[in-house]
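Trainee: Working from the sequences, and respecting the hints, build out all of it.
Number of protein chains: 2
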Amino acid sequence: MSLTQTQTQMPPRYTISEVEARTGLSQHTLRWYERIGLMRQVDRSHSGQRRFSDGDLQWLAFVGKLRTTGMSVADMVRYAELVREGEHTVDQRRELLERTRNEVRARISELNDALAVLDFKIDLYTGKAARQ
Amino acid sequence: MSLTQTQTQMPPRYTISEVEARTGLSQHTLRWYERIGLMRQVDRSHSGQRRFSDGDLQWLAFVGKLRTTGMSVADMVRYAELVREGEHTVDQRRELLERTRNEVRARISELNDALAVLDFKIDLYTGKAARQ
DNA sequence: TAGGACCCTTGAGTGCACTCCAAGCAAGTA
DNA sequence: TACTTGCTTGGAGTGCACTCAAGGGTCCTA
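First to last, the sequence lines map onto chains A and B. Positions 1 to 132 (the working numbering) are the ones given, in order, by the first sequence. Positions 1 to 132 (the working numbering) are the ones given, in order, by the second sequence.
Careful, some of the hints might be misleading.
Identical copies carry no separate label here, and so any pair may be met within one copy or between two of them.
Said to hold, decoys possible - Below, a list of computed lysine to aspartate or glutamate pairs in the DMTMM-like style, where the Cα atoms sit at most 25 Å apart:
id, residue 1, residue 2
1, K65, E87
2, K65, E103
3, K65, D43
4, K65, D119
5, K65, E20
6, K65, E18
7, K65, D123
8, K65, E110
9, K65, E34
10, K65, D113
11, K65, D91
The set of hints was computed from the structure by calculation and includes no laboratory data.
Mentor: Encoded structure:
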């Protein structure tokens, strides 16, 4: 427990521009994520401004990982919905993540293949015997 | 030299639908590639239909590798132009491929990170202690 | 000579994942 | 009080990489 927290009894809250700075996601994107259901309805200040929690940041970090896997936004929304529905959706979530994992593995091996071709071409160019 | 070739003295030529079958690229995409300069002007039959050569197929295979690296179409076109310009562009081409190679390596390591997160989550779900 | 398969062109349309715009409210500072 | 900064909304716009439509030509077989 930090001093500030003990004093205020309030967990930290972040404005949209703080979250933008921490996550690298634009304010536009953050609002859009909320709108499409990729994250829960964010808490609001008395004047209606968003106040993100640490949990929101953690969720966004995980969503970021899903994004880098190449998972579509539609599938991420599906996943988010399953999480909101509760514990009984665990099997479906695992299935979704396993499917994604398989795709990532396939993608990595595709990239390794392409890497080999690039290496070969670059060696050709570096060597002298340059062709196409 | 195959028998057929010796007899006809003609290298094999492929129609657009043959190329579609061999490469998996749609006819639309093949025509579009030619239009934007991602491949040379394909030879035509006397009636104006495309006749692709083995060289064209090889080029398309290489372009396919570049595509899987995530290189943008604009950069691929740039590369194709450099190839058409001749031997004096070899250094620029190598530079372009090296930049791409670096991006691919970075992408692979991103994907490996994401894979670790997926493994962790899936284990959680499989374990029993399911959370979000 | 008719039918069907196959191909051509230009230009418009699609789906995705943002990204931006306009108009306006609220809080803090000079 | 006036100004600036930061935030709100719904809906429109953007860039990418295709993808399709319309209208027409050519070739082969019956």
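Trainee: For each hint, tell me whether it holds in the structure or not.
Mentor: Results for each hint:
no. : hint       : verdict
1   : K65 - E87  : within (22 Å within a copy, 42 Å between copies)
2   : K65 - E103 : both (14 Å within a copy, 18 Å between copies)
3   : K65 - D43  : within (23 Å within a copy, 46 Å between copies)
4   : K65 - D119 : between (28 Å within a copy, 12 Å between copies)
5   : K65 - E20  : within (16 Å within a copy, 35 Å between copies)
6   : K65 - E18  : within (20 Å within a copy, 40 Å between copies)
7   : K65 - D123 : between (34 Å within a copy, 16 Å between copies)
8   : K65 - E110 : both (20 Å within a copy, 9 Å between copies)
9   : K65 - E34  : within (17 Å within a copy, 37 Å between copies)
10  : K65 - D113 : both (23 Å within a copy, 8 Å between copies)
11  : K65 - D91  : within (20 Å within a copy, 36 Å between copies)
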